[in-house]
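K.L.:
So the chains spell out like this:
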Amino acid sequence: MASLIQKDRLWWHITVLVPYLWLLLFFLLPFGIILKISLAEPILAQPPFSPTFDDTGTLSITADNFAFLFSDKLYALTYLKSVIMAAAATICCLLLGFPIAYGIARSQPRTRSLLLLLIVLPFWISFLLRVYAWMGLLGNYGVINNFLMWLGITEQPMQILYTDFAIFLGLTYSYLPFMILPLYATLERMDLDLVDAAMDLGASRTTAFWDITWPLARAGVIAGCMLVFIPAMGEYVIPFLLGGPDALLIGRVLFDEFYVNRDWPLASAVAIMLLLLLVVPIVILQKNQARDAEQAT
Amino acid sequence: MRKQSRFILSVLAFGYAFLYIPLLSVIVYSFNDSRLATVWGGFSTRWYGELFRNEQILDATFLSFRIAATSATLATVFGTMAALMLVRFGRFRGRTLFSGMITAPLIIPEVITGLSLLLFFVTIQQWFGWPSQRGFSTITIAHTTFSMAYVAVIVRSRLSAMDQSLEEVAMDLGCRPARVIFDITLPLIAPAMVAGWLLAFTLSLDDLVIASFVSGPGANTLPMYIFSKVKLGVTPDVNALASLFILVVTVTLFAAWFLTNQREKKS
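Residue numbers (my numbering), protein chains in the order written: chain A, 1 to 297; chain B, 1001 to 1267.
Since the hints were made in silico from the structure, they are not lab data.
Fair warning: there could be bad hints in the mix.
Below, computed lysine-lysine pairings styled on DSBU-like, alpha-carbon distance capped at 30 Å [to be verified]: (1) B:LYS1229 - A:LYS81; (2) A:LYS287 - A:LYS73; (3) A:LYS36 - A:LYS81; (4) B:LYS1265 - A:LYS81; (5) A:LYS73 - B:LYS1231; (6) A:LYS36 - A:LYS73.
Just a few of them, taken from the derived set where beta-carbon distance is under 10 Å, the chain A residues facing chain B [claimed, not checked]: (7) LEU23; (8) ARG106; (9) PHE165; (10) TYR173.
Here are a few chain A residues that sit away from chain B, every Cβ distance over 10 Å (derived from the structure) [stated by the list, open to error]: (11) ASP200; (12) TRP210; (13) GLY234; (14) GLU235; (15) ASP246; (16) GLY251; (17) VAL280.
Keep in mind it's a predicted model, so treat the numbers as computed, not measured.
In this text, a Cβ means the ideal position worked out from N, Cα and C, and glycines have one as well.
Excised from the complex, chain B in its bound form:
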């Protein structure tokens, strides 16, 4: 392997520092005893304790997790169906429109998606009386719609990279196509579906803009709660919350990375 030039190495160092210094500073300040988040008042873990006593945060977290789990599951089912249909079903009428609709949510700014869905919900409520109130159901629908696009992209690339001969053999041996899909295709693309589910879950948990549009009074997701607090400035309990987030994500990703590395070494 070639040696990296000094220029590349220094940009790498700068880039990673740029990405991580803000996160590290949040972690450091989350242990700050002072109520003024920017003045150091000694080491303390009291903000973590306060986090678990704050019922608004707990309620918002619970709602966010419910929405994320439901929408990620729906998005995985629909996104996988969409990927199957784009990769395995050949040409059919309306395919171009469909492939446009499935990729569009990836690139359309959130404010537009959010506004259009809210106006949609308001309009159909006028016509049909549903949804009578906005909250869990409307946010779940909105999140499913944009995250199924991400699932479709992941599953689709796995499907096109996959060896098709197994499916063909099963079919030649007289297996019904539906059984081929359930017994052969789905187990083979399962890792991509899991990755898609995790991504959809994270995207849903992360979303502020779309949820703010399509939510109604009283239904606050975790990002909406955090946003309403940080609008006014830096607060110590949000520092603690952010640090917990960073910890969970880091541990999970490093564990996954370590496991994949181990498996690669073995094979």
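Isolated chain A (complex conformation):
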């Protein structure tokens, strides 16, 4: 087919060139521009950054923005805090998601399709509205606090909303389906008789899990963890709505740097650093997907 298609040069060119040019123009070029602006100086003008070539036509770039990111402790702490929050949510999603995916994979076919539907359903409902739903639950006079006070556990409402714990809850809640779906996909392919055979031969439940289920589910675990960790790192809506005013996560710092401080070069540098930080997980995910695709065929 490949060689035959190439005979139809016109169609071949249209099919290749249209999406190719679109992505070059609207995906790759914007990244070049972000890189260019991250090497500029902020100035009071419209747009607020210095040109790459000055009036005499010589190249004028600076690494000041990156130097600033490294010298200012605030940014180091922000990156660190984002990593910790994203990692905590990833671990919690894994601990909760693994047994759920396992339970779905082992249920009857008809129940299974219903259970899967219920996992996918929240994904089709607006992300923003799902995060918003937690504001009503966690607020000082929200559902949870009212319930606790009605039970008499607390007299005063506890501060849950606008804390780091609320961000953690929001992240776990929003990204749980991203963990469950790839886990389910690998667990469903797995031959469950292997576990029974091991247990018949005298392996304990724990041994059977660690020696058989876990290694076979590895591709799903890696994919799920990366699919939660990567977007959680750059999350903006959750820390903004559920976190306190001092909840400094990178996504939010980037937004503020751009809109509140109008420092476009620094915001670009923050974006580039975030991307660099994510290169490792992204590469792990890509390699894992490629290996998984090979095994499936």
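With chain A held as given, fit chain B onto it using these hints.
P.N.:
Positioned in the frame of chain A, the structure of chain B alone reads:
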């Protein structure tokens, strides 16, 4: 079938409760008569009525639907082309770069995509004077770019799972490749294209971060409007809006699920 262990069953129950309790509480509170969204003031449907009288919401919804329909259509065309080229066209120069570019938007955080596209639009406006203002066109371009990646993934997996012999037979019988694509390949991958379109539509309707970056003054999509309201806290009319969303999605998905089940039973 084996029995599930008690541990698995209790985690399943907890997990589904965790996923659905927030949604249920929004629905319950949307019928709350009180203006204070957290205090129960009796049953009422007045917030639903107010929703349909609020012109800002109606305008924002209309804009969001226009953007979602346009970008989903473009994304389906481009994403299908991209999938065809990756699965059926073999090796060509620049293929690695292309497959990298088509999958990247799936995993790059929204803040980065949004910022880079905004800076891009600002830069080309300086050079060419276009786009003179940001709004419908810039958001549509941004949404097309990231949702075509999702369409490509869906169509691509359908294409690689598909039986190629029909295409080969047609080709052997002297059909031109373009006709093979239009008469055989496209009808066979149509379900995947529909699924891709729906996903692209939902993603566009859902997006707040990228739209906020690339939009200009005056152009508010529905998520942008909702965000500007809920920044200040819980409000009853947003509860009503969220409940409507949940209702529409639930009904649609359950109907689709039911229909697929019926079809499977028949075959």
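K.L.:
Take the hints in turn and mark each one as holding or not.
P.N.:
Verification of the supplied hints:
1. In summary, the hint linking LYS1229 of chain B to LYS81 of chain A is supported, as the alpha carbons are separated by about 28 Å, within the 30 Å threshold.
2. As the CA atoms of LYS287 of chain A and LYS73 of chain A are separated by approximately 34 Å, the hinted pair breaks the 30 Å bound.
3. Annotation: proposed proximity of LYS36 of chain A to LYS81 of chain A holds, straight-line Cα distance about 27 Å (limit 30 Å).
4. Restraint check for LYS1265 of chain B and LYS81 of chain A: the C-alpha separation of about 51 Å exceeds 30 Å, so the hint is violated.
5. Taken as a hint, the LYS73 of chain A and LYS1231 of chain B pair is honoured in the structure, with Cα atoms around 28 Å apart against an allowance of 30 Å.
6. With a C-alpha separation of about 25 Å, the suggested pairing of LYS36 of chain A with LYS73 of chain A holds against the 30 Å cut-off.
7. Proximity of LEU23 of chain A to chain B holds as hinted, the smallest CB-CB distance being about 4 Å (cut-off 10 Å).
8. The beta carbon of ARG106 of chain A comes within 6 Å of a beta carbon in chain B, closer than 10 Å, and the hint placing it at the interface holds.
9. Here the hint on PHE165 of chain A is broken, as its CB sits about 15 Å from the closest CB of chain B, past 10 Å.
10. Checking TYR173 of chain A against chain B by beta carbon gives a least distance of about 7 Å; that is within 10 Å, so the hint holds.
11. ASP200 of chain A, annotated as away from the interface, keeps every beta carbon of chain B farther than 10 Å; the closest lies near 13 Å.
12. Consistency note on TRP210 of chain A: stated as away from chain B, and its beta-carbon is indeed over 10 Å from all of that chain's, at 16 Å minimum.
13. Its beta-carbon lying about 2 Å from the closest one in chain B, GLY234 of chain A breaks the requirement of being farther than 10 Å from that chain.
14. Listed as outside the interface, GLU235 of chain A is inconsistent with that label: its C-beta sits roughly 8 Å from the nearest C-beta of chain B, within the 10 Å cut-off.
15. Once the 10 Å rule is applied to beta carbons, ASP246 of chain A is consistent with being away from chain B; the minimum gap is 16 Å.
16. Not every beta carbon of chain B lies more than 10 Å from that of GLY251 of chain A, the smallest distance being close to 5 Å; the non-interface claim is violated.
17. Every Cβ of chain B is farther than 10 Å from the Cβ of VAL280 of chain A; the closest lies at roughly 12 Å, confirming the non-interface assignment.
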